[in-house]
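Novice: Assembly of the complex is requested from the two constituent chains, each provided in isolation within its own frame, with the hints serving as guidance.
Protein chains in written order, with this note's numbering: chain A, 1 to 74; chain B, 75 to 761.
Short, incomplete list of chain B residues facing chain A, as computed with Cβ under 10 Å: (1) Leu168; (2) Ala169; (3) Thr205; (4) Ala206; (5) Leu207; (6) Tyr212; (7) Leu213; (8) Leu303; (9) Glu306; (10) Leu307; (11) Ala315; (12) Thr347; (13) Asp353; (14) Gly450; (15) Arg454; (16) Tyr572.
Just so you know, these hints were derived from the structure itself, not from any lab.
Every residue gets a Cβ at the ideal spot worked out from N, C-alpha and C, and that includes glycine.
For reference, the chains in residue letters:
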Amino acid sequence: MSAWAVVLDDVTARGGTPAQVATRLGLPIPLVQAVLDHAERLGVVAVAGRGCGSGCPTGPELPATCAGCPLSLP
Amino acid sequence: MSCHGPASTPVHGRCGSATLAPLSAPLRVLLVGGPNVGKSTLFNALTGARQHTTNAPGTTVELATGTWRTGGQRTADPATERVIVDLPGSYSLLARSSDEQVTADAVRELAGSIVDVGGQPGVVVVVLDATALTRSLYLLAQVAETGVPLVVALTMVDLASKATDSPTSPMEPGALAAALATSLGVPVLPVNTRNRGAGGLRLADAVDAIAEHPMRVTGIDPPAPVPDLVQELAHAETLFAWVEHVVEQVTSCLRPEPGSATGVISGRRLRRTFSDRVDTVLLNPWAGVPAFLAVVWLLFELTSRFAAPLQAFIGHLVNGPLASALTWALGLVGLADSWVQGLLVDGLLVGVGTVLTFLPVMAVMFAALGLLEDSGYLARAAFVADRAMRSLGLDGRALLPLIVGFGCNLPALAATRTLPHARQRLLTGLLIPLTSCSARLTVYVLLAGTFFPQHAGTVIFGMYLASVMLVFGGGLLLRRTAFRDVHAEPLILVLPPYQRPHLRTLGMSVRLRVGAFVTGAGKIIVGTMLVVWVLMALPVAGQHAVGHVPVADSLYGRAASGIAPVLAPAGFGNDHASAALITGFVAKEVVVGSFAQSYAVAKPGDAARPGSLGEQLRASFDESSGGHGGAAALAFMVFVLAYTPCVAALAEQRHLFGWRPMVSALGAQLAGAWLLAALVFQVGSRL
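Okay, chain B solo, but in the shape it has when bound (with noise of 0.2 Å):
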C-alpha cells in the first residue's frame, strides 16, 4: 500500500488533484467534530468577519453560519464562495443533548437532501484531532455512514507528536495526513487553527471537488435502518474494527520498519496515574469494603457531632424564646390559652423548629456526601458495592436505585424504571423501601444521641448497616423464593477519576438542597404537625373544650393507645411511639416532629416543662420498656427502618407495580418491622 500523497497538492485517497470550477449554487458545508478539536477556531479562520449567529430551528443551540470565500481579486483563481455551518461540538451522531442532536440533526438532513435529485448541494468537513485520532475516527465513521459527501480536515497534528498516547505519534503532518487518505479513501488537510487556519486554501479546494465528484470513505456500509440493541452491539463491534484497521493502517505507514508496528498499540506504555495507586487499594474487595465502611461510620461522626449542638440550640431558641414571645404576643391580642394559641405555639411553631433543627444535619450530609461524589469516591464505593451485590445474584444494574435509595425512596423506585426487565423492576421495587432514606436520619439522631451520646455516631452507623444487611437478606430471600426466575445480569460502571472538589459548587450545591428541602419536604412535616395538633385538640372522651384536651382523650390519643399494646414486645408500646409512627406514614421527617408535639401538648400550661425532649423520650422509653429505655430506643430505630418509607413511597409502588404488590409489600414491611424490632428489644434487655 502506498502511504503517501502528492506534497503540493490536496491529499485525495483516490481522486487525486481536484479541478475548480465555479459552483452554480452555494455549496453548504457542515464543520463536524468533537468538542475542543479546534473546530471553531478554523471556522473564524475560513470566514473572518462573514459570520452571524442564529438558533437552530426549535432549539435554543446556537449555530454560527458564515461566508466561506475563497479566490478573486488578486488571484489567478475565480471567486468562489461556499456558506458554511459551525455545528455543535459533539463525540457521536448518537446523540445525548440538545446541542449533539442539533449535530445529528444537521447531518442526516444534508444526507437527506443529497439524495433528493436537484437537492441543495452539500459537504461535511469531518475535524479530526490528531492528538486523538481514534476517538475522532469514531465520529468520522457515523458520519461517513450518513452517505454525505466528506473531506477530514486534521487539526492538532503538531500536538500529537508530543501526546503519549497517541498511536501514530510521532508523525509529520503532511505524512500522518497522507496515510490517513489512502486508508479513507477521502481528501485529508492538514490545517493549523493556530496559524490563521493555514490549510485552508487546499481545504477549500478539497471541499468543491468532492462536492463534484462525492467519494465514500473506504470500509464503511450504511448500517441496518432499524437496528435492534442486539444489532446496535453488532454495528458496535464493526465500527470500532474500522477504527482499528485504520489506526493499523496509518501506523503501519508512519513506521514501516520490521517489528516496529504490530498492532494499533502495542508496546505502548501509560504512566500509573495517582488515580491507578489509589484505586489498587480501593477497588480491591478485601480493603474497598472496609475502607468503605470507615468512610460511612466517619460521616455519621462528623453529621452527629456537628449537627446534634446546632440542633440542640435551635430546639431551645424555637421552644423557648420564640414560643414565649408568641405567647406573649397572643396575650397582647387576647388570645392567651385560646386554641388559636395551641394551634399557632404547640401546631405551627413546632411544625416550624422541626423543620429547622433538620437543617444542620440536612446540610452536613449533603456537603460530606457532595465531597465523596465530586472526588470520585462514591463511585468507587458503588463499584465495589456492585461486586457484592452481584455475588449474591442481583442485578448489578439495581445497585443505582438502590443507592438513589439512601438519599430518598421516591425517585429509588422511579429510578427502577430504567430496569430491562418487569420482575427486576419489582424485586428492586420491594427492596428500595428498606434502603435508609435521608429522612430517617433525623430519627437516628434524635434517639441516638438522647439515649447513646457517647456514641451516636456508632449507633447511626449501625442503622445504615442494617440496612445494608436488611437488603441483602431480602434478596437473598426474595431470590429464593418468589423470584427465582430473575437472574443477575452484569453491571458495566465507568468511574471517573480523582478530583479535587470545587469548594464554591460544593456550597451552592449545599444551599440549593436545604432550601429545596424547607419548601419542599418543610412544607409536608409543617402541614402534618397543622392535622396533629388538630388531632390532638379534638376531644373524644371526657368534657373538654376544642384545644384544651388531654393527649389520652384525644382522637389523636385513642388511636395511638389502640396501637400501642400491639408494639409493647418491642418496649415502645407507650402512647406518644406509637403516635409518632402513626403520623410517620406520611413521611419520616415528620416521626421527631410529632414526638416534640405530643410532648408539649402533654404538658399544656406548664411554665416549666419537666424536662427537654430527649429527658422526656427516655422517661417514656424507660417506663414502657421496664428500664430498658436504650434497647427500646433501639427497636424503634429499627422498626422506622424497616416500615413503609413513606405514603408517597407507597402511591409510586402501586403506580409502578400496581395494588396486589403494594398492599403485600406494605404487609411485609409492618411484620417485617415488627418482627425485628421486638427481636432487638428481646435481645437487647437481656444483655
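If we strip away everything but chain A, and leave its shape as in the complex, we get (with noise of 0.2 Å):
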C-alpha cells in the first residue's frame, strides 16, 4: 500500500496528530502532513477542534457554517 492509503487508514482508526501517525507507521512527517493536507483540501479529512470555543473567523475567511450566528463577528 501506498503512503496516502496507509496514512488514511491510520488516521481513520486510530487519529492523532501528523507527527504520531508518522512514529506509527515510521513515515517522514513531512510526507504524512503532506498526505493529510491533500485530504483535507479534497475534503475527506477534517481537522478536529475548529469549533466554535474560542474565537470567531471574521472578514472573507468567514464559514458558511458561522453565516447566522448570534455571536459571530462582522
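Specialist: Written out as C-alpha cells, the structure reads:
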C-alpha cells in the first residue's frame, strides 16, 4: 500500500497528530503532513477542534457555518 | 542507475550542461514553493534592489516582481535579464486561500500561455526544502502536471543533514541534488539562501537552458481534465506513490550499502513527544471518555462558582440602585407611576439587566472553552466522541455540527450543509436542537443556583450529560425507524499538537465574543423584553389602565394561564414558568429575563419586594409542585433542553429541510419535552 492509503487508514482507525501517525507508521512527518493536507483539500479529512470554542473567524475567511450565528463577528 | 551528475555544471537529469544563448524576449520566471522554504530570501538574493511590489490582479495579495540579471560588464558572458515573480508560499495547487489561489492561477496561466503559439516564454523555479523533501515533492508533482518547463532549486541542504525526520539525511548537498536530478529528469540546483543566494548563477544557466529545451519531470503525466472525487482520490494515490518512488530512488543513491535503504522510511525511529504520551491516555476510549466528562464537570463548576456571585452583584445593582435612580429621575419630570416608567424600568432596564447578568457566564465559558481549544484538548474530545458516534451508527461527519450546536444551534444547522447526503443532513438537523446551546446555560445557572446552590455545577453538568444522552438516544431511535437507509461513514480527524494557549489572543477572543453577544443576542433580548412588557401592560380583563395591569389580567397572563394546566404534570404549571417558556421560543436567553420581568411586574409599586428573583422562583415552583420545587426546577430545565431552541432555528430548519420536516420536528420536540419533563418531575417528586 502507498503512503496515501496507509496514512488515511491509520488516522481513520486510531487518529492522532501528524507526528503520531508518522511515528506509528515509520513515515517522515512531512510526508504524512502532505498526505493529510491533500486529503483535507479534497474534503475527506477534517481537522478536529475547529469549532466555536475560541474566537470567531472574521472577514472573507468567515465560513458558511458561522452565517446567522448571533455570536459571529462582522 | 547513475546517481551523480557533473560537479561543475548545472545538474541536469537528461540534458547535461546547457549552452547559453541570449534570449530574444525577457524570460518570465515564477518562484514557487511552500511557506518558509527560503523562497523570498532567494528572490532577494537574485534580484537585489531591482524589485517592486504590486497586487495580484483583482486581489489584495501582494506579489514581488524583480529583474534577475546575470552576465555583462565584468564577465565574459552576455548580459541576460529575466522577469522573476515571487509567488505566495503554497503547499498545494489545490488552493485553500486567496494567496494559494494566486500561486495556482499564475502557474496555470503560464502553462496556458506557453501552449499558445508565440506565447511569452516562461519557466517555473520550484523551491524544494531538503528538510521536508516529501512535502516539497508533492507540490513539485502538481506543478509538473501543468506541463510548465521547470527547474528545481534545492534549499536548506545544510540543515537536512541535521533533520531527524528527513529520509535522505545525512548527505552531501551536491550528491542529493544529483540524485534528485537523476530521478526527476530535470535540473536540480542546490542554493544557499543564507549566503547571498550562492548557486544563483548556475540556477540562471539552468533556467535559460530549460526555457529553450523544455523537459518533462519523469513519471508525471497530466491528470484527467475534470476529475470527480473518486478520480481525485485515485490521482492522489498516484501522486504520492510517485513521491515515494522519487525519495526511494534518492535514498538508494545516497546509501548504496546493502540493507541500508530498503524503503523511504525503513528503520527510522521518531522520538515520542509530550503529545504522544498524553494522547496515550486521552485517546484511549476507556480513559478518554471519563477524562472528557471530568473536564466538562470542572468547566461548569468553575462557571457556576465564578460567575454566580458576579451575576448576583449585577442583578442587585440593576434592580436596586439603578432602578431607584431611574424611577427618581422620571419622578423629577413628572412621569412617576406612568406607563413610561413601567416601560423604562420594568421593560427596558430589566432587559438590559438580563443581558448584563449573562456577561460573567459568557465570559467564563468563552475563556474556558478557548483554553480547551487552544491547548488542543477539544480536538481530542471530538476524536473520542467521534468513535462513540460511529459505534452508535451515526455518521462521523455529523459530529462537527453537533459540537457546534453546543455553542449555538443556528450555525450548527447551517453546518449540516457540509454533509454529503440529504438524509444525513436531515437526520443531523433533527438532532441538533437537542444539543444544549449556550443560551440554555443561562436558565440552568439561574435554576441550579436557586434550587441546588451547593451542587449547581454538578446539576449543570448533568444537563449537558442529559443533552448528550438525548442526542444519542434520539439518533438511535431515528436510525432504527425513519432513517434505516442512512449508513455511517467514518470521519477522519487530524489532531493538532498540544500547545500553550496564548493568553493575549484568548483575552481578545473573549472580549470580542462577549461584545458580539451584547450587540447581537442583546438586541434580541432587550427587544423581546419590551414586547413582553407591552403584552403585560395590555389589559384583557378588569378595569385597568394601560401599564397598570396585574399580570393575571394582562394579555401575557391570560396566554400563560391557558398553557399552565398543560404543564401541571411536570410540576411547573404556574403562570410565570409557562410565560417564560412562551418567550423562550424567541430565544432561550429571554427565559431568565421573562422570569425577572414577570416577577417584577407582579408586585407593582411594592417598594419592599418579597425577596430576590430566586426566592420568588422557589415560592412559585414550590406552590405549583405541591412542595417539590427542586423536582419541578429539574423538570423545567429538561423541558428547556428538549423543546424548540428558538424561532431562528425553526426558520433555518424550514430553509434547509422544508416545511414538513420542520413542523414534524416542532411537534416531536414539544411532545418529547413535555413527556421528559413530566417523567423527571413524577420520578423526582417521589424520591
